[in-house]
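Undergrad: Sequence:
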Amino acid sequence: MLNSNLLRKLDMQDLMVFVAVYEQSSVTDVSEALFVSQSTVSYCLKKLRTSFEDELFVNTRTGMRPTYKASSMYGHVQKILESINLCHAGAPTFDPMAQPVTFNICAPEYFEQLILPRMLKRFDFDDLPVMVNMHKFETDVPVEELRDGSLDLVICFGPNFHRSHADLKSRMLLEDDLVCVFDKRATPLEPRLSLQAFTERRHVFPTPWTSTTNMVDGWLARQAQKRQIVARSNSYSAALKMITGTDFILTLPRRIQRLLTNDAVFQHCEAPNGLPGFTLDMQWSHNVDQDSANLWLREQVIKTCAELEAA
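Mind the numbering: the sequence shown is residues 191 to 501 in this note's numbering, read in order.
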């Protein structure tokens with residue numbers, strides 16, 4: 191708030207006149223420098239004197255001499271004009287070519303397998319000095335790391351798998367569903383597994399994050415069913431090796447199945463009716479919502495996911 195209502199009548203031109211008169215000591219020179227009439231300069235000075243309740247400049251034979259108050263004001267008025275210019279310019283735009291930059295992303299293996307390789311290839315093609323440092327997704331969204339800037343982005347599954355936080359922003363990146371993968375010699379004849387056939391098979395479970403619950407077992411529990419898990423793996427590729435040469439079943443995201451399975455070794459069929467799909471979501475702190483570097487990174491992720499959807 192302003193200390194005096196008199197200050198409300200000032201505008202930017204008045205402050206520009208103040209600085210110019212202080213620096214040039216001549217109304218004539220100021221009018222030429224600012225491309226305004228001498229009467230305009232005089233009017234601005236009158237407003238300034240009224241607002242600050244001081245003569246500010248005294249007319250002498252050697253020019254306009256600042257008063258003590260004008261001298262003490264000069265630096266502050268300069269900063270006001272500099273701040274206004276910064277507001278107009280806005281935040282500097284991030285330039286990935288300017289200098290090496292490292293982004294920290296927390297994400298499940300799904301992102302590392304499907305999206306990150308495409309992003310890195312584009313960075314390499316454009317010769318961008320960009321490094322991506324991946325952090326393993328644990329039990330829940332690492333909120334504090336997003337808040338303090340240790341992480342730039344978190345990629346997680348949805349919808350509603352994790353607690354929401356008012357100071358985090360979120361965007362859905364893509365949708366996917368689940369399919370059942372088998373060793374080729376143990377593939378069932380039916381194109382879609384029944385719920386009974388699904389639960390009768392022994393399962394290998396690739397854990398997307400450290401959690402006691404998951405979308406498949408949660409859905410089975412709602413059907414009053416459960417499955418037998420013979421192994422939990424840390425990666426999709428390890429899980430595929432575990433079912434090779436067995437009659438085990440592996441439930442994979444469809445995009446991962448297309449990416450990693452070899453048709454000479456594996457086959458797949460549709461999951462039981464009703465098994466829900468999922469989304470891949472991106473979360474970031476509200477603090478960096480307008481940060482140009484973070485915005486650029488989010489745009490790269492969104493662009494890569496859009497390419498996947500179109501493929």
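Honestly, I wouldn't trust all of these hints.
Have a look at the derived ranges for each label pair, beta carbon to beta carbon [stated by the list, open to error]:
id: 1; residue 1: 476; residue 2: 374; range: 19 to 29 angstroms
id: 2; residue 1: 414; residue 2: 283; range: 47 to 57 angstroms
id: 3; residue 1: 225; residue 2: 255; range: 22 to 32 angstroms
id: 4; residue 1: 452; residue 2: 414; range: 18 to 28 angstroms
id: 5; residue 1: 485; residue 2: 277; range: 16 to 26 angstroms
id: 6; residue 1: 348; residue 2: 277; range: 19 to 29 angstroms
id: 7; residue 1: 455; residue 2: 288; range: 15 to 25 angstroms
id: 8; residue 1: 285; residue 2: 335; range: 22 to 32 angstroms
id: 9; residue 1: 492; residue 2: 452; range: 50 to 60 angstroms
Pairs of lysine-lysine residues, derived as PhoX-like cross-links and limited to a Cα-Cα distance of at most 25 angstroms, are as follows [what the hints assert, rightly or not]:
id: 10; residue 1: 199; residue 2: 237
id: 11; residue 1: 326; residue 2: 237
id: 12; residue 1: 374; residue 2: 359
id: 13; residue 1: 326; residue 2: 359
Simulated from the structure, these hints should not be mistaken for laboratory data.
This one's a predicted model, so the numbers in the text were calculated from it and none came from an experiment.
Ideal Cβ positions, reconstructed from N, Cα and C, are used throughout, including at glycine.
Undergrad: Work down the list of hints and note, for each, if the structure agrees.
TA: Going down the list of hints, with the structure as the test:
1. 476 / 374: 19 to 29 angstroms: violated (49 angstroms)
2. 414 / 283: 47 to 57 angstroms: holds (56 angstroms)
3. 225 / 255: 22 to 32 angstroms: holds (25 angstroms)
4. 452 / 414: 18 to 28 angstroms: This hint is violated: roughly 36 angstroms between Cβ atoms.
5. 485 / 277: 16 to 26 angstroms: holds (19 angstroms)
6. 348 / 277: 19 to 29 angstroms: violated (37 angstroms)
7. 455 / 288: 15 to 25 angstroms: Cβ of residue 455 to Cβ of residue 288: about 46 angstroms, so the range 15 to 25 angstroms is violated.
8. 285 / 335: 22 to 32 angstroms: holds (26 angstroms)
9. 492 / 452: 50 to 60 angstroms: With a Cβ separation near 31 angstroms, residue 492 and residue 452 fall outside 50 to 60 angstroms, so the hint is violated.
10. 199 / 237: Distance ~8 angstroms between residue 199 and residue 237 Cα, so the pair holds.
11. 326 / 237: Since the Cα atoms of residue 326 and residue 237 sit roughly 62 angstroms apart, the hinted pair is violated (cutoff 25 angstroms).
12. 374 / 359: Measuring from Cα to Cα gives roughly 43 angstroms; hence the hint is violated.
13. 326 / 359: Measuring from Cα to Cα gives roughly 20 angstroms; hence the hint holds.
Comparing the model with each earlier hint shows violations of hints 1, 4, 6, 7, 9, 11 and 12; every other hint is respected.
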